[in-house]
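Turn these sequences into a full structure, and let the hints steer you where they fit.
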Amino acid sequence: MRFSLLVRIGLACALAGNAVSATEQAKVEAPRPSIPFVDVAREAGVGFVHRSGAAGEKLLPETMGGGVALFDYDGDRDADLLFVQSDGGPIASLYRNETKPGGAIRFVDATLATALDEVEVRGYGMGVAVGDVDGDGDPDVFLTGLGGDRLLRNERGRRFVDVTAESGTGGSPGAWSTGAAFFDADIDGDLDLLVVRYVKWSRKIETALAYRLDGIGRAYGPPQEYEGTLPMLYLNRGDGSFEDASSGSGLEVFDAAGLPAAKALAVRPIDADRDGRPDVLVANDTVRNFFFRNLGPGENAAVRFEEVGEFYGLAYDHDGNATGAMGVDAGYYRNDENLGFVIGNYADETSSIFRAQGDPEFFVDEAMKEGLGPPTRASLTFGAFFFDADLDGRLDVLHANGHVEPDIAKIDKTQQYRQPGQLFWNTGARFVALEDASVGDLSQKVPGRGAAYADLDRDGDLDVVITQIDGTPLVLRNDQKLGHHWLRLRLEPTRLALGARVELTAGGEIQRRDVMPTRSYLSQLEPVVTFGLGGAEKVESLRVVWPDGVKQVVKVGGVDQEQLVTHPEIEP
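Residue numbers for the sequence shown follow the working numbering, so the first one is 17 and each next one is one higher.
Source of the hints: derived by calculation from the structure; they are not laboratory data.
Hints may be right or wrong, so weigh each one.
Distance condition first, Cα-Cα at most 25 Å in a straight line; then the derived SDA-like pairs of lysine to any residue [said to hold, decoys possible]:
1. K554 <-> L498
2. K385 <-> N337
3. K567 <-> G551
4. K571 <-> R559
5. K429 <-> D486
6. K461 <-> K216
7. K216 <-> A273
8. K220 <-> E241
9. K426 <-> G69
10. K426 <-> S68
11. K116 <-> R174
12. K497 <-> E578
13. K385 <-> P436
14. K426 <-> P238
15. K116 <-> G91
16. K554 <-> G523
17. K497 <-> G524
18. K385 <-> P47
19. K497 <-> G551
20. K385 <-> T443
21. K554 <-> D352
22. K116 <-> L128
23. K216 <-> L75
24. K567 <-> E525
25. K461 <-> G72
26. K220 <-> A235
27. K571 <-> R474
28. K216 <-> P239
29. K554 <-> G499
30. K426 <-> L229
31. K385 <-> Q373
32. K426 <-> L128
33. K385 <-> L75
34. K116 <-> D94
35. K497 <-> T546
36. K216 <-> E268
37. K461 <-> Y433
38. K461 <-> E241
39. K426 <-> Y362
Written out as structure tokens, the structure is:
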């Protein structure tokens, strides 16, 4: 069903104002659960300290922080941690998960053992993407930054080797890469790479701007002061190298003056219209968000995209404004067929939660209706994602918050540099912000940036890692004790699983998930899919649609366990 743009705007206004029914109100008023998170970074052996390099010059890159990846680099079926360093030292720090079943979370620094300290440091580190680009079964690592990207090949979980030059993924000199994602853009069976970029920046440009604020003097300049950028699309040739397919892909967007339009920080691939081709949402800072619909092969290209963000209703917030968009995620948070996108925005802007309106080509920002309005306005949100924090079968929302200006309180008493994280519990009718006392150390005040989740201690519930500027990350163990059942699915081979759709029915409720590590802000989470089952003691049905179109019905052996699902056409 298609509507003109004007009709869509009218419908969006009407839908945004829908009243809450009595049944929905009862759900909203239900007792709030306690979902305490405990920061175990120190006792778990995570000693990484982020360095921004800030020395008083107020250079914009210093405000952005670094990402985190939660992935199994050594093939022992648990989630290890990789942190991106921004300024000085090894390009990244890797911590091997050595948690024993039923024991305390424990990590060992594996940076030196895996030769990450030998990777030449160029530029300023930012984000991370993980994917098996060469099809050998080991997850490889791509690191983004200002002044140089890096592709690191994983050699059997023993060491990482810099293969940037031979792979052709180094990017342009001086470019500022931020979010990145591995996914099979052209549906040929191997993983391609999309890299988005922030603004055109240099120390010379920043010095010339000399941005100042009354009350604090020299300050960090806003992105409006800088020109936009263009993304990079690398198509995997299957031999360890990539083809730069950016030009002619439809991913390059220009403004009215003919200049690059993107000021991108995060990217989220997902097949939104379920046509078998992965689409892409790009979160842009202070300019409209982009949504790239995958059109498949073009006349002279292996894959072509069409930018339809405005037409789909994903470009602007509920007031029709472009926002300071940071982190992004997608999920079927109402357990129906309407996809939702959550985007963390700048201070004095509410977060956005776009939801399809019975039409995969028509979204409305329902932040106010869904409960993410007033509780998010005072926060500056970087990391943002959906996950089932209490395993009740409904996707909740987590925000990692923190301002960019350390002295912001001097000029705005309503703001603070260090801000608590937020957990929005899904009642089934809307989201409600849980009080600090019920979320434990998630409420610590930090300049939060990257955020991701995984089951670090393999007890079924999802733990969270949040990075911060110039500090040690929070490793937040989920200590909920609500007695809900769960099922975790590991789809293999992982390179064929990225982008797969999984539908599970339990207790008469259908839950939908997709396998996509790229979420949030500059970060990657485990590719394992976790379903909370609430009180359901069995799974009635489980169906997987692989990215290559193969459909698979899976027999579930029980609950409260992790189950391996292998592609039906691949010999185990």
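**Prompt:** Given the hint that K497 pairs with T546, does the C-alpha gap stay at or below 25 Å?
**Reply:** holds, 17 Å
**Message:** Need the status of pair K497, G524: alpha-carbon distance at most 25 Å?
**Reply:** With Cα atoms ~24 Å apart, K497 and G524 stay inside 25 Å; holds.
**Request:** Below or equal to 25 Å on CA atoms is what counts here, so check K426 against L229.
**Result:** With Cα atoms ~10 Å apart, K426 and L229 stay inside 25 Å; holds.
**Message:** Holds or violated: K216 and L75, Cα atoms, limit 25 Å.
**Reply:** Distance ~13 Å between K216 and L75 Cα, so the pair holds.
**Request:** Below or equal to 25 Å on CA atoms is what counts here, so check K220 against E241.
**Result:** holds, 13 Å
**Asked** Has the given pair, K385 with N337, been kept, meaning a C-alpha gap of at most 25 Å?
**Response** holds, 18 Å
**Pairwise hint evaluation, G91 against K116, where the allowed Cα distance is 25 Å at most** = Roughly 15 Å between the alpha carbons, so the hint for K116 and G91 holds.
**Request:** Verify the proposed pairing of K385 with P47, using a straight-line Cα cut of 25 Å.
**Result:** holds, 20 Å
**Message:** Can you confirm whether the C-alpha distance between K461 and G72 stays at or below 25 Å?
**Reply:** Roughly 23 Å between the alpha carbons, so the hint for K461 and G72 holds.
**Asked** Within 25 Å, alpha carbon to alpha carbon, are K216 and P239?
**Response** holds, 10 Å
**Message:** With the threshold set at 25 Å, check whether the alpha-carbon distance from K220 to A235 stays at or below it.
**Reply:** Roughly 16 Å between the alpha carbons, so the hint for K220 and A235 holds.
**Asked** Does the alpha-carbon distance linking K554 and G523 stay inside the 25 Å limit?
**Response** Roughly 8 Å between the alpha carbons, so the hint for K554 and G523 holds.
Figure legend: structure checked against the earlier numbered hints; hints not met, in rising order: 3, 6, 32, 33, 38.
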